[in-house]
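Top line first, the protein sequences correspond to chains A and B. Residue 1493 in the numbering used here sits at position 135 of the first sequence, and the numbers go up by one each step. Residue 1390 in the numbering used here sits at position 32 of the second sequence, and the numbers go up by one each step.
Careful, some of the hints might be misleading.
If chains are identical, the list can't say which one is meant, so a pair holds when it fits in one copy or spans any two.
To be verified - With a cut-off of at most 20 angstroms between alpha-carbon atoms, the simulated DMTMM-like pairs for lysine to aspartate or glutamate come out as follows:
| hint | residue 1 | residue 2 |
| --- | --- | --- |
| 1 | Lys-1637 | Glu-1608 |
| 2 | Lys-1381 | Asp-1362 |
| 3 | Lys-1627 | Glu-1608 |
| 4 | Lys-1503 | Asp-1372 |
Source of the hints: derived by calculation from the structure; they are not laboratory data.
Number of protein chains: 2
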Amino acid sequence: MPFDTQNWFTEAIDETGTAFSLKLKTKLHEEQTPYQKIEIFDTQTFGKLMVIDGCTMVSSRDNFLYHEMMAHPALFTHPAPQRVLIIGGGDCGTLREVLKHPWVKQACQVDIDERVTRLSEKYFPELCESNQDPRAELHFSDGIKWLQETAPDSLDVIIVDSTDPVGPGEVLFSEEFYRHCRRALNHDGILVQQSESPLLHQDILLNMYQRMQAAGFSHQATLNFPQPIYPSGWWSATLAGNTKLQHFREQDVQQKTFDCQYYNADIHKGALAVPEFMKKTFTLSD
Amino acid sequence: MPFDTQNWFTEAIDETGTAFSLKLKTKLHEEQTPYQKIEIFDTQTFGKLMVIDGCTMVSSRDNFLYHEMMAHPALFTHPAPQRVLIIGGGDCGTLREVLKHPWVKQACQVDIDERVTRLSEKYFPELCESNQDPRAELHFSDGIKWLQETAPDSLDVIIVDSTDPVGPGEVLFSEEFYRHCRRALNHDGILVQQSESPLLHQDILLNMYQRMQAAGFSHQATLNFPQPIYPSGWWSATLAGNTKLQHFREQDVQQKTFDCQYYNADIHKGALAVPEFMKKTFTLSD
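Generate coordinates for the entire structure from the input sequences, incorporating the hints supplied.
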């Protein structure tokens, strides 16, 4: 039976030979911003869906996996995170998770495209519910320029919640970018970056490790987690820092006063488990 | 840009509102057996693909995730597994993993459709490389009937490597079936069954837990793992037994003499981590 593509949104990727589709109720919005094309759909089973330049970005149903894993492992690995910078992350879901941590004093989100945030406020209000938190700062400008102008040793955690390493997102995967991150982070500082599919993008992960090391980060660790709307449904985020990244404040996780849908201490430890094929692919630094 | 479905195989599921596609090189085979329609494709990036009644079953590239997780956690949880029954599993990939365990004396695979195995031998020879092992028994008959005729307390591990709980596979998710399993297993015996997507099929998992408990299994535990070609890319297998299933022979895993592509002790522990939403959904028995 042929696939009737009508009423489905499909992200088909020739390079990986895979496609993922969600059945639609209707298209809610479409616009071309100075930076990219943004579409918003209402889906049959995944709630709202934001698509940027044809790539699925965030759905109501499964974004909790990604946003929790981009925020909590890094913040519970740092001994006392107070100042957090999010580069990208315009949908504000990562910001919301970061602000759940009571000891965070300032969370600064720098996304180049204000329209992502304005559309998220309209169509994903639950992701934006902490945007008015007095600790939140929303800036719409170039994240790299922002980072260059950030005082040295002034940040505890940098979260790179970006698109894929093609086009405008590519520079966020460069050694130079990681050098800027390292400069802005203090000694205990931790960088975490979305790092694509462990199955489909081992080359990207390998490059990332090499460039993070070249930029002076002595330790890396990759977190694996499910993300159904992203290619292969299996995604990752990679931590970089100057100390062993397998240790985290487990007791603080056990005693945390906020709710999660996915994350807990066992999930944190489980996400750090390294599949055998990754051990063989990578020369891990710890 | 509309999705040009030509040269892609797509499994589109109205109920879950999701579809997954793989780009094809060519179709290698198609036949209608007395039980089901089997298709074999050569894909651009996932190697060979077997499709049964329109559902993706196994690909060369990612089957290691599923087959290793169906076999090794159960076999390393049992204190000394010698006699293993596989119900379904006609592609022989689970059988191959089971036979990597040197203390297994007999591994019996009972799949109703011999054609699945014959086609696997031709198109997935790597999955069938242990079919000639003297400990392997391949039978082509009804797994439930087989189980009914199995002597009580005669098995250490039962692996239910079946299709979804619709049509002919449905009976394998019934309380009556679990009663037959429990009867055939000895005191330390462990049942493990593929249990669908933790995100998309929570109702199936919940039913499974309730029926396993009603059939007399005092303990259950679900293993989560990635499986890109299955709906949502996130899959699970559920263990049932009479003792705590979080404990396993970790030292034996560390010292195992065979290779895996995914499984190791950290992956085993990580797969047992229970996401927060699952804790809220289920009343877990341990």
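Discussion item. Within, between, both or neither: how does the pair Lys-1381, Asp-1362 come out at a Cα-Cα threshold of 20 angstroms?
Written reply: Close inside one copy (11 angstroms) and across copies (16 angstroms); limit 20 angstroms.
Report task. Indicate which option fits the pair Lys-1503, Asp-1372 if close means a Cα-Cα distance not exceeding 20 angstroms: within, between, both or neither. Result -> Neither, since 33 angstroms and 46 angstroms both go past 20 angstroms.
Exercise. When no copy is specified for Lys-1627 and Glu-1608, does a C-alpha distance of 20 angstroms or less occur within a copy, between copies, both, or neither?
Worked result: This pair counts as both: shortest intra-copy Cα distance 9 angstroms, inter-copy 16 angstroms.
Have a look at Lys-1637 and Glu-1608 and pick one of within, between, both or neither, based on CA distance no larger than 20 angstroms.
This pair counts as between: shortest inter-copy Cα distance 19 angstroms, intra-copy 25 angstroms.
Hint compliance for this structure: hint 4 is the single one not met.
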